[in-house]
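Chemist: Residue strings, one per chain:
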Amino acid sequence: MIHGDTVDGFAMSFWADFWTLNFIVAGGAFALIALVVAVRGVADLRAMLAALRDEQGPR
Amino acid sequence: MNFSILDWVIVAVYLAATLAAGLAGKKYISSATDFLLAGRHLGKFIGIATLAATEIGTITFMYNAELGYKTGFSSFINGLISGGVMIFLGATGFMIFKLRELGLTTVPEFFEVKYSRRLRIVAGVLVAVGGLLNMGVFLKVEGTFLTIITGLPISNLKWTMTAILLLELLYTVLGGMVSIVITDFLQFIMLSLGTVLVTGYVIWTVGWHHMQNAVMSNMGASGFSPITAPDYGWAYIFFQLLLWMAIDTCWQTTAMRTFATKDPDTSRKVFFWTGFIFLGRGMMPMLWGIGALAYFGPKHDSLQAMPEMIARILPTGVLGLVVAGMIAATMSVNSSYLLGWSSVISQDIVLPLRRKPLGAGAQVVLNRVVNVFVSAFVLVWGLWYTLPGPVYFYLNITGTLFLAGAFAAFIGGLFWRRANTVGGYCAMLGGAVGSVTYFFHIPAAYAGISAFALAGVGMVVGSLAGASRKYRLE
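As you go down the protein sequences, you meet chains A and B in turn. According to the numbering used here, the first sequence is numbered sequentially starting from 1. According to the numbering used here, the second sequence is numbered sequentially starting from 1.
Certain hints may be false.
Quick list of in silico lysine to aspartate or glutamate cross-link-like pairs, EDC-like style, CA-CA up to 16 Å [what the hints assert, rightly or not]:
hint, chain 1, residue 1, chain 2, residue 2
1, B, 269, B, 101
2, B, 27, A, 55
3, B, 262, A, 55
4, B, 262, B, 101
5, B, 98, B, 263
6, B, 27, A, 54
7, B, 26, A, 17
8, B, 98, B, 265
Quick caveat, the hints were computed from the structure, so don't treat them as lab data.
Produce the entire structure from the sequences given, and follow the hints as far as they go.
Modeler: This is the structure we're talking about:
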């Protein structure tokens with residue numbers, strides 16, 4: 001465990017809590033955004049391919 | 001051998017699906033813009049997928065885990081800066097908006113628009129050299145990961161990486177950016193799944209408090225505070241802020257996503273949301289490295305500790321899924337980097353040096369030929385070059401070789417009417433000189449800061465000394 005009863009200990013305790021919080025935000029955001037992109041990216045991909053096909057015109 | 005038949009089947013099915021999807025992109029190519037920028041049709045979600053997949057590779061996991069193993073929780077500062085800068089750029093649109101408005105294809109193209117054709121060629125050479133040296137170490141590091149985690153004999157490393165490179169080359173040469181975007185989407189899903197799975201297993205198996213205690217007992221306060229950690233400190237943090245601003249705006253593979261979106265507002269949104277992914281892109285693999293420190297202790301090889309731990313803690317089936325995710329990450333990065341550096345060589349060096357312009361079909365052929373050349377270089381360089389220090393610092397400095405000058409010249413070109421060609425040359429020269437000091441035993445933070453400082457001073461002094469030129473940036 002990280003103890004906060006010395007100057008070094010206080011600094012460690014502060015940074016340990018700070019990085020724990022950061023990690024929770026980073027990991028949670030990563031998983032959530034990945035999920036949304038995986039679901040809604042399909043429509044985007046189709047739109048991109050349709051636009052490229054339209055530009056080519058009849059062959 | 002760590003891999004079971006089930007693991008091999010999962011990897012083989014994934015590779016076959018990727019190749020098929022990649023080859024499907026070929027039929028959509030009818031111009032150089034289609035080949036290099038997917039016709040500038042990227043929407044927000046596919047933009048996030050391709051930008052994230054391009055900048056998350058096995059190499060990313062390896063160097064971030066190495067930082068975690070060596071510097072503990074302090075290493076998280078790197079993830080925080082990389083994500084934070086990207087979120088800031090996305091929220092404000094600073095530079096991103098304007099760059100997309102200009103309708104560029106490559107980063108050095110801006111130098112011809114604002115400065116001169118010759119400076120574009122000089123910038124192109126520096127970008128290509130820095131980019132190729134940077135990418136040159138990817139194969140060896142990625143191969144190390146895959147060899148350890150699958151349990152393949154080390155003698156198979158070269159053949160394994162050659163086969164993966166040829167697979168990437170095949171669909172990149174044929175379908176360009178369109179194939180890359182399609183495969184990036186699949187690869188983004190796989191690598192995200194792999195990243196979350198490994199993170200969950202590491203926390204579950206090693207334990208959060210065990211990791212904190214391992215860092216505390218091996219590194220003390222410097223394992224938590226990036227201010228007091230010997231490898232970091234304020235100078236390093238300042239360097240990283242500048243570096244990530246430059247990477248997000250001037251790094252060819254990132255900039256290609258800016259240029260390829262539907263419009264400037266989409267670019268801004270892509271950056272904002274990808275910034276959150278970048279927080280996890282840094283911190284999660286760094287935690288794997290910290291987990292490896294707790295698992296093996298401090299005397300293990302810093303680069304190999306993370307894959308060795310993963311090979312031991314993941315069960316059959318999950319290991320196959322994770323390796324498929326890592327191969328996905330490897331392929332998405334390498335294919336995008338192949339296209340990125342090839343496009344600079346073809347568009348910013350070969351074409352400007354030719355007196356006669358090339359037709360659309362010939363430009364696509366030229367890009368394909370350069371793709372093959374870049375692959376051959378990466379293969380040879382990756383097999384014999386030995387890294388001078390941590391992978392992350394080497395990648396920083398080879399990138400800074402051109403990023404410092406390019407960033408100063410970009411800022412000057414976009415926001416300072418007095419900026420001129422002489423200033424552009426001085427910025428590129430100053431940035432390159434500052435960054436190579438790293439190879440003469442100057443610490444990465446000081447080499448990096450001196451590169452940005454010399455580039456900035458070069459831009460200002462050179463522009464003031466050179467003749468002013470009226471221009472209209474449209």
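Chemist: Hint by hint, which ones does this structure get wrong, listed from lowest number up?
Modeler: Number 7 only.
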